[in-house]
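Same order as they appear, the protein sequences are chains G and V.
When you line the first sequence up against the working numbering, it's residues 496 to 878, in that order.
When you line the second sequence up against the working numbering, it's residues 989 to 1347, in that order.
Read the hints as simulated data drawn from the structure, not as lab findings.
Be careful, since some hints might not be right.
[Stated by the list, open to error] Residues from chain G that face chain V, not an exhaustive set, calculated with beta carbons under 7 Å:
(1) V548
(2) W620
(3) P632
(4) G633
(5) F753
(6) H775
(7) I862
(8) G863
(9) C870
[To be verified] Quick look at which bits of chain V chain G covers, simulated, 3 or more residues with Cβ under 8 Å:
(10) 1057–1068
(11) 1311–1324
Since this is a predicted model, take the numbers as computed values, not measurements.
Glycine included, every Cβ here is placed at the ideal spot set by N, Cα and C.
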Amino acid sequence: MKRTLVVLAAFAVVALWAGLAAAGEYHSGQTLLCMDCHTMHYSMQHGFAGGAVGSTPVPGGDWLSATGPNQFLLKAPANELCKACHDGRTFAPDVVNANTNPSPTQGRQAGALNDSGGAAPYEMWKGHTLDSTLTPPGFNPAAIGAPDTWYNAANGLECTSCHAQHGPATSYRNLGPYALGAAAASARPTYQLNAANDTTKDVWINLAAYTAGSGDAATFNPFYDTAKVSFNRNDATVVTLKTSNKLATFCAACHANFHGGPGDANIGASAAALDGFIRHPGAQVTIGAAGTQGYGGHSNLTRFVANTTKVKVTTTDYTAYTDAGPMCLTCHKAHGNQNPFSLIFLNRNALSVDEQGGLGASQVASIGTNMRNLCGQCHGQGN
Amino acid sequence: MVDRCRNLARRPRGGGLESIGVRLAPRLAVVVACALLFASRLDAGDFHTVSSLVCSDCHVMHYSESHLLTGAPGPDPLLAPGGPFPYLLKAAQAQLCLACHDGRVDVPDVRGVNTGGYVRAAGQLNVLGDGPQVEGAGHTMGSTASPPGGAWTNPGLSCLHCHATHGNPYYRNLLPNPGTATGKVVTYLTGSIYTGTAAIQQLAAAPMAVHYAAGNILYRQSAVGSTDFGLSEWCSSCHGNYHGAGGSGNMGGSPSGDGGATPWLRHPTRDVTMAQAVSDRHVNGTHWFSTLASRVPAISPSGTVPGMSGTSDNQVFCGSCHKAHGSPNPKGLIFDDDATPTAEDGTLLRQTCQQCHYQ
Chain G
496 MKRTLVVLAA
506 FAVVALWAGL
516 AAAGEYHSGQ
526 TLLCMDCHTM
536 HYSMQHGFAG
546 GAVGSTPVPG
556 GDWLSATGPN
566 QFLLKAPANE
576 LCKACHDGRT
586 FAPDVVNANT
596 NPSPTQGRQA
606 GALNDSGGAA
616 PYEMWKGHTL
626 DSTLTPPGFN
636 PAAIGAPDTW
646 YNAANGLECT
656 SCHAQHGPAT
666 SYRNLGPYAL
676 GAAAASARPT
686 YQLNAANDTT
696 KDVWINLAAY
706 TAGSGDAATF
716 NPFYDTAKVS
726 FNRNDATVVT
736 LKTSNKLATF
746 CAACHANFHG
756 GPGDANIGAS
766 AAALDGFIRH
776 PGAQVTIGAA
786 GTQGYGGHSN
796 LTRFVANTTK
806 VKVTTTDYTA
816 YTDAGPMCLT
826 CHKAHGNQNP
836 FSLIFLNRNA
846 LSVDEQGGLG
856 ASQVASIGTN
866 MRNLCGQCHG
876 QGN
Chain V
989 MVDRCRNLAR
999 RPRGGGLESI
1009 GVRLAPRLAV
1019 VVACALLFAS
1029 RLDAGDFHTV
1039 SSLVCSDCHV
1049 MHYSESHLLT
1059 GAPGPDPLLA
1069 PGGPFPYLLK
1079 AAQAQLCLAC
1089 HDGRVDVPDV
1099 RGVNTGGYVR
1109 AAGQLNVLGD
1119 GPQVEGAGHT
1129 MGSTASPPGG
1139 AWTNPGLSCL
1149 HCHATHGNPY
1159 YRNLLPNPGT
1169 ATGKVVTYLT
1179 GSIYTGTAAI
1189 QQLAAAPMAV
1199 HYAAGNILYR
1209 QSAVGSTDFG
1219 LSEWCSSCHG
1229 NYHGAGGSGN
1239 MGGSPSGDGG
1249 ATPWLRHPTR
1259 DVTMAQAVSD
1269 RHVNGTHWFS
1279 TLASRVPAIS
1289 PSGTVPGMSG
1299 TSDNQVFCGS
1309 CHKAHGSPNP
1319 KGLIFDDDAT
1329 PTAEDGTLLR
1339 QTCQQCHYQ
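Whenever a hint applies, use it, and build me the whole structure from the sequences.
Encoded structure:
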């Protein structure tokens, strides 16, 4: 009898949450379902509807992994738990290696993670590697006000190293891990889910509406489609580091030495001269802008505007791109892809666009061509 | 040019006039076939330009390569310590070019002895610190000396003072208007068929040992109409006192030679053909026009080297006596023993002078 009551209660809760399924990210607000990830006693003698409990993940948390009990009362060890639903399942976005689901129009916006020991074409040098114990390249969290101890490489890279597992309500993709502490406020990109943009937000998901938790790729694909996601330019300075989008600030939590704008010590140049860079700027530069020396303009706005297939930039002007500038995701996929350094090899007039980029007419892929395609989005040298 | 002429010298002569186009037809057919073979993946020209301008050859975005683009363990051996460097370069500007172009067999070696073995059209650079004898034998990277015969303010000579780092349509990516110049470029074409007014005809663009070999380069123009043009004119951007039209104050002579009445003040580098020089009794009437085993380069608008003493259009230019980068010899001079088929194998300056003057 007791067991029946528990089951009924669980169903009631599921039904209640389903009815209130929220617009926006999953694992957030009304779609943060405790039993998706947690088990109280690592003991499910039966499923929510009675009967046997499988070890194969299913929507709604009605399963239990064969490994446990686990820390934080998780159904499986941390990364394994996330991958249980997000690797090779049709009911949730597949974020590891090849996409089990039909691809969004231009591929997954974040691309694909790889596993330690990852096999081609998703080797470990092609993106973020789960469980990797390497110190992140350019690690300098103090630059954004985060403690050096917020990330411990020895523990291995986890999904929750980037994503806040309990879904901050307004953060794009639930980004901004709790371990960042107070610094998370600068590293949680806001987003606008609407056909109309709100340039005060960091990210624009160009969809009239979306309801998370559908369990169906045809429904969730547009939400994760590269073609639907854009990045607004909102210049700010975080501690000493220039930024143009909180998403880039978020990346800087691990890779701060590579982030910043003109005048930042790690980037070089100055806002006035726009020359003398020692690293590629990732913030507060505008494509084609010339500095006071007159020969700034390392990049070419006319060229970029004419691109029929553009990489993502930070901008508030999606017509003339008068304030468009580069950010991390201009060149890299956040999770990774099939290219070294998860670079996006996208020709400016590509015949088609996917997670790897896209070749132009009659082009044959090679590292030289691929790199030229990416750099050539903004830079006209040699063309 | 030297190699090309050397090969010509081995062939039986049907007459005094040697048409390169006719004589090389079978070989040129092979060259054309090779060019077509490579056309789909190579530009018919120089490297570091158009589709062979590979950003990552020289630049690194973040000065952080935990691994290479191939996934091989990092850091990139070309990533020099002490960075990040200005312009996002993999090494300091003065070192970057030579990181690839010195001592490697897969890239044209432009400094010192050629690891590639072939006779380079441009010869060998040297670097400040190589020692006075070496530094006196050509262009010296890092030198702040003013160019002989010119007034250009040298901030420390580097490759980019002559070559466009991102390529251009000109020969060897040579920079338009180097030094204090205006309006100076070096046009070229690649292939066996010469048309138009290109200053240089490069017979083939591959393989590398052919592409950059002295014998692959034909010098075709020193002027278009009366307009100064070509490699000599380009050199004059920095060394202007040594170049000019016949009759100009720095050169002496006249546009049609000196005729004995208007003596040259400096050795001419344009306007005067071998035939004119024979007429002026500066060039020997037989030696240059005989079957030499090897020759120094000369400009020939008709592509006919050496031609006949009474009609030869061959012209001396900077590259007749000097290697653009330099040589093992003082002033980057070419010493060539014309009695041997090996190019640039001479030991004395007079061997070069005597190819034309034979006194």
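Problem set entry | Violated hints, by number in ascending order, as checked against the structure | The structure breaks hints 1 and 11; every other hint is satisfied.
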